[in-house]
Every structure is written in C-alpha cells, then in structure tokens.
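J.: Take a look at the letters that make up each chain.
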Amino acid sequence: MNEAATPWQRAFRVLVTVGPGGLWLLVFVLLPTLLVLLASFLTRGPYGELTGPWGFHNYAKLFHPVYLEAFAQSLLVGVLATSISALLGYPLAFYIARHPQRDLLLFLLLLPFLTNFLIRVYAWLVLLQREGLVNALLGAFGLGPLVLYPSFFAVLLATVYTFLPFFVLPVYASVERLDWQLLEAAYDLGARPVRAFLHAVLPQTYPGLFAGSVLVFIPAMGTFVVADLLGAGRVVLMGNLIQQQFGVTRDWAFGAALSVFLMGFVLLSLYLYARLQGERGLKDLV
Amino acid sequence: MRRLLTLHAFLVYLFLYLPILVIVALSFNQSRRGVRFTGFTLDWYRALFQDPRVLEYFLNTLMVAFVSTLVATLLGTLLAVGLVRYRFPGKGFLSYLLYIPVVVPDVVMGVSLLLLFALAREVLGFPRLSLLTVILGHITFQVAFVTLVVRSRLLLLDPALEEAARDLGARGWQTFWHVTLPLAWPGVAAGALLALTLSLDDFVVTFFTAGPGATTLPLYIYSSVKLGVSPKVHALSTLIIGLSAFFLALGYALTRRRV
Amino acid sequence: MKRWGILVLVLALVVVGFLLLRPKPASQAGGTLYFLNWADYIPEDLLKKFEAETGARVVLDTFESPEAMLAKLKGGADREFSLVVAPDYYVLQMAREGLLAPLEKAKLKNLANLDPFFLDPPYDPGLRYSVPYLWGTTGLAYREDLVKGSVDSYAVLFDPARSVGPFLLLDEMRETIGAALKYLGYSVNATDPQALERAKGLLIEAKRRSVGFAGGVEALNRILAGDAALALAYSGDVLQARQEDERLHYVIPKEGGTLWTDALVVLKRGPSQDLAYRFIDFLLEPENAAALAEYTRYATPVAKALPLLPEEMRQDPAVFPPEEVRAKLEYLKDLGPDIALYDRVWTEVKAR
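Residue numbers (my numbering), protein chains in the order written: chain E, 1 to 286; chain W, 1 to 259; chain G, 1 to 352.
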C-alpha cells in the first residue's frame, strides 16, 4: 500500500503502530497464557507454591469424578442457558425487528444489561431468598415458601438473565436482513404458516442463531461469580473450581491445569463454530 | 400470532427489569431486611454518603477506568491501523492473539495475570498487587476490544481516500492525522466507550489483580453481598443504575439527533 | 466532529490528572498501617482513634474464611500487610511457613495488661509470635421461631432424621471438620485417617442437605433474613446479631465445642512494622480492649479491661463460659504436616 516509502520508513511505521499494542499483547496475553500452561505441569509444594516435579499428574487428576462432575455441571449450565435464552430471545428478536420503534426497544433491551453485572446478579438473590419477593408472592396465594436460593435453578436463572441480550442481538441482526419474499413465495406455493416459517424463515436466521448460541454458551460455561453468589458453595462450576485452587485450596498447579482445560474446550468450540460458519462467522461474532 | 408475540415480549422485558426495580424500591425501604415495604426513607443513602470508604472506592473505580481506557484506546487504535495497512511477519499470529482476551473466560484471564505478577515479583521484585496491577489487567482486555472495533471500522474505509491524500503530496503522518483518524473516529470513539464500560463493570479480573487499598466498587459490592445484602448496597446500586441509565439515555438521544 | 473529540480527550486528561494528583491520604507523615482482619471484627471508631493518636492511616482489608486469608498471604500478599488477625491454630503454622518473625517484645509496653493465662497459651508458648486479640467459642446459632425441635446436638446438622430446619455450614475448615469429628466422638484434633474419612462422608452428605457455606457474619445475616434456621457459628457473632433480633440463640451442643483465641501477628515481610507494634500496644490498653470486646461481643484477654465491660456482658455465660461448659470445650491445635489430611478432606467437600 505504501510503495512510495522506503523500507526503513515502512519498518518505522509498522513499529510505531503495531509495536506498542503488539508488545502489550505479547507481555500481557501471550506470556501469561504460556505461564499457565507451564504451571499446569508443575506440582503443588507443601505450602501451596509451584515446584517440581514436572508431569501430567494434574491432567490425570482432572479425570477424577469430582472434577468431571464440575465440568458436567458447567456444560449443563451452558446448554440449558443457551436453550432457555433461545426460547426467550428468538421470538423477542422478531418482535423488535418488526416494530416501528425498534431503536427504542433495542435501547430498552440493552439498558439493564449495561448496568453493573454484580448488581444484576445479586438482585436475583434478593428476589429468590426465602423471605424474598418470589416467596412473598407465592405466600399471597397460600403456597409454601420454596428454597430457590441457593440452588442450581437460581444459578441458571441468573445466568440466562445475564447473557440473554448476547443472544438477542445477533438473531436480531439476522432477522433485519431477512428476505421476506421467500415467505411470500412459500405461501404462494400453498404452504401452511408453520411449514412456511420452518422452511423459508428459520434457515435464514441460522447464522444469527449460531452466533447467539456461541455468545451465550461460552461465557455461561466459564462463569464463577453467578455460581458463587447464588450457589453459596452448593453449585460448583469449572470457574468456581479454578477460583478455589487460587484461593482456599492453594493448588496453583492444578488450577492452571483446570484453566488450560477450560480454555482448550472454549477454543475447540470456537474452532468448530468457525468450521461450520466460516471465517466470516467468527468476525461477525465480535 | 401478533398478540402472542407482544405478550411474550412484554413478559421478557418485565423479566429483564424486575430485579432492577426491586433493588431500587428496596433502597428506600425503612426495614433492613425482607421485602415488605415498611416505610419510605433516605437513611440508607445518607449512610452511604457518610461512608468515606465508599467515596474512595468510587474514585478508585473512576481512576482505573479513565487511565486504562486512555492507554488502551491509544494502543488499540495504533494497533488497528498497523494491522489494516501493513503486512509484516507475525501479522496472522498477532491477529489470533487479539481474540484471546475476548474469547477466554475472565477467570482464566485473571488467573494468568496473577501468575504473571507473581513471576514478576520473584524475578524483578515488583509490582506489588495494587491499583497499578488492576489498571494493567484492564488495559489488557480493553486493548483487544478497541483494536477489533477500530479495525472493523477501518476496513470499511475506502483506501482510495488515503491514496488520494498521498498523491496530493501528504506525508505518512499527515495522511494519518488528517485523513485516516477523522474517518476512523466513530470507531475509535465506540471502542473507547466500550473499553470504558468494560472497565467500570469489571469484577473477575480486578478480583485477581487487586491488592489492599485497591478496592473498586464492584469488589466492594461483591464483599458486601457475601456478608449479607443490605439496603446500603441497594442504595449504591440504585445510584449506579441511575447514572448508567442517564449516560446511556444521553448517548442514545445524541445518536438519534444525528439521524 | 473532530473538535468534539479533542474536547473529550482534553476533558479526560483533566479528569485523570485530577484523580492522579489529588491529595492522597496515603502520603501522610504518619505512615500507613495495612491491617488484615476478620470481617466486622473491629469498630470503625477504634481505628479512627488510633489514626488520631498517631497521625497514621489505617487501611483495613477483611476476610471471612481463614483458609482464603492464608492463601492470599501465601500468594504474595504477605508483603502488602503489616498486621493480621489469625486464628490460634494458624500461628505456629504461619511461623513455620516463614510468614512471621519472632516478636520484638521490647517494642510492646502493655503486655502486662494481659491475663496471665494468655502470657503462655498452649497455641503459642511464651507468646513468641503473637499477641491475643479476642477469645470466644464456636457452637450452634439458631432462630427460635424457625426451628422445629430442640437444638442441643450436632445431630441437627449431621443426622437427617434429627434435622430441625434449614442450616448453614461454617466456611472454616478446622471448625467444620472439627464439628463432624466431635459428633462422631473423636477429638477436634484427630488425625486418624479413618476418622477423617468418616467425617468427610458426613460433611459431603450434610452439604447436600444444607443451604450452603457461609462465613460467620454472613451466616448470621442469612439467619436474620430467614434463609436458614441455624448454623455452626461463633459466639460473638450470634450475640451481635441478637441485638437486632432477640429470637436468636447461641448454644454449645452436648458433644462439646471449641474454645479459641484470635491473635495478632506481625508479618515478617510487611510494611510499617513499627506502626504494627504501636497498634498492638494500642489494643492492649484497657479502654480500647474494652471497646473492642463490647462492639464484637467477644471476650477480651486483657485482664485490666474486664472491669470496664458492661455488667450484662460480664455475666453472660455465652461470653464467659462457666467451668462446667469449659470442660466440654477443646482447643484447635496446630497439626503440623498432618494438616494436609484436613486440606484434602476440605478440598473434596468444597469441590462437590
């Protein structure tokens, strides 16, 4: 692009632009990641620090039923949160896209989302407590108090609540670009409404659906705050396990192995997604 | 069909706003616990303003956000320009590296930074965990987002404009300052705003990189909630919600005017 | 458009400049004491009094779980704090792990104010590394209107058939494992692998039936909020909460409980060591020790402070247990390398 410049000038320009940011990424992203990888092969010393011997023991430990259980729970939260977000968000995307005041509706959708994440999570604690709003409402109908907090249900609910807009936005983008003429054509060909929708509209929203699912699934799997605040120790996800290793349990080596495992799983999911949707899909995500 | 969709939408919006409304309502509740409204009071707000530590946490949060956003926007914009305009060895690798802070769960990111700072302390003797390490952590994930946003904006630009400037005799720096930057400006502003929001909101990375005296508002809210939810926290939350809503509404109104 | 941008940039720089250059209270002539303590374990007024007397600034950081506190210190935070309040069984462990240096007794003028028992306690003979802060007991806290039955044994936690209401488990390894061991008839300091294995089973099963883990203050707050009916809890926390709701009660189960002392320790690698010693002396003054005890509702080891306590506190058996109750109480002892056995049990209980 810059043919007129000399090689030195070019090199200088590359250094000035890419240099600072690139260096930052190398030091604060690449290096730490490598450190985590390295640490995962070390061992926990008698006082919790990292020492030799080297080995795969931490990875072997991952396959212990206790930890696999945490992984399974994280997976479950991810899948359920995604499904529920889809159920709630898909129709909503259509509603917003076809509404005359869609800008306002989008704004209203994003507004709660853009206030502090912790506040939104603990708000559910207040609602689901034994003497919280939900139980108060149930009580008004004579129904007994339910133990909604702490529970897996509470964690799931708050997770959906937190990541729902992530699902709606890409689907909305898809719906906006919909070619409604295909639907008309389907009707002209005699299809009933449901069939017409399934064959003419739904497939067009696949990219949005996929993107939305990935945007919910991945963070939902890796969250620890929601489970920490709403699970009170009873719900243990991968994120909580990792946090424990660097806190109470003091096993940094194992925590590193868990992190590598989680990261690996996330990258694998993204890789599969990219294969299905192509590079463009990946860029669309961000 | 239409009616069903409307009902569904209404219910979802209710679901989205209910928790927030409850918090706001409870912040004015006289009773310290429970959801029964026993009377209107501003006591909790008074207690909040009389607590010097909260003010300190608020200022900490702001300082971290502003400093990190400035640095990240600068680094990110430059990086985006470099990635779009030039080819250089390692470009592909750097592009992929960019995605890591965006894609990887916060916990892993926080943990990796903790390891980095621990190593630095062993080898270099510094830094201690403090507001500085928090800022460093924030910049790291902000840079990635800013770069991606500015880059996507730059890619939309017509390269012919820059070539035209060069044909007219402008040197590299002049082209950048007078043509590239103004055109990319909406992207830069959007990136900076995104970075600011991310920093103000961040909890997990801050949790792993903060030291004593480096408490930010999200950290304070977290430890308060762990001890037991109190109306004072509700008051703080209401203020935060109110402020966010105000600025967002402002931004929304401004962008609408231009159309 | 560009002009707006420049304006915003200038504004941002001004704000940042102001924030960075604002008169930070830290740059005070008196120095800064970095104090790590249990949550809600010292009244704000006492800290302010110290600040006024010395011209120093106190930065207080709190924890709810001693394991998390130790992990934080081991992770490097021991260079960032001057003074820590730690449970008695941690003192020798922390000394072994290189976190503490022997106390320079010459710097402490008020040690004589302590009750003679505390000058040579079992957990730190001769007070080599620590100075007692407050002492208390651990038992069961419950709300009378939320329990359906009597609360007199650990069975209410560990025996499904004897459950009287939703309960919380305490987020402290030694106390909770200790409770399970005591219920099974062992000592709270047992290191027999079989005993620990049985305790582990009990705890995992109890966790499933519980409404979660909570630190001392959190547990009481949740009982006050009605989320739970009872919990394993510290005496003073319950008494503090009683001031808010008289339906709360504290009881030591028939199997017994623990008697503990929390102690002040000076971190070897921490900043402001001289300030730390001054603060310890400050807390040993009868007036301040009494204020501390009155606020937290725990017993003070400072003999000279006892007459300054309110009458109802001095007579309260929950604060100063009588002889027959003390006979049932055990001290949590430092277990040396055997602590690894407990670590393993706790890790598994927390991870499920």
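Read the hints as simulated data drawn from the structure, not as lab findings.
Treat the hints loosely; a few may be bogus.
Here are the simulated SDA-like cross-link-like pairs (lysine to any residue), alpha carbons at most 20 angstroms apart as the crow flies [claimed, not checked]:
{"#": "1", "chain 1": "G", "residue 1": "Lys268", "chain 2": "W", "residue 2": "Tyr96"}
{"#": "2", "chain 1": "E", "residue 1": "Lys61", "chain 2": "G", "residue 2": "Arg352"}
{"#": "3", "chain 1": "W", "residue 1": "Lys91", "chain 2": "E", "residue 2": "Leu15"}
{"#": "4", "chain 1": "G", "residue 1": "Lys333", "chain 2": "G", "residue 2": "Gly149"}
{"#": "5", "chain 1": "W", "residue 1": "Lys91", "chain 2": "E", "residue 2": "Val14"}
{"#": "6", "chain 1": "G", "residue 1": "Lys74", "chain 2": "W", "residue 2": "Thr175"}
{"#": "7", "chain 1": "G", "residue 1": "Lys350", "chain 2": "E", "residue 2": "Val66"}
{"#": "8", "chain 1": "G", "residue 1": "Lys74", "chain 2": "E", "residue 2": "Lys61"}
{"#": "9", "chain 1": "G", "residue 1": "Lys268", "chain 2": "W", "residue 2": "Ala118"}
Covered, in the sense of this in silico footprint (three residues per stretch, anywhere, with C-beta under 8 angstroms from a C-beta of chain W), are these stretches of chain G [stated by the list, open to error]:
{"#": "10", "stretch": "34–44"}
{"#": "11", "stretch": "49–56"}
{"#": "12", "stretch": "78–84"}
{"#": "13", "stretch": "200–209"}
{"#": "14", "stretch": "212–218"}
C-beta: ideal position from N, C-alpha, C; glycine also.
J.: Would you pick out the hints that fail for this structure and give their numbers low to high?
T.: When the structure is compared with the hints, numbers 1, 4, 6, 8, 11, 13 turn out to be violated.
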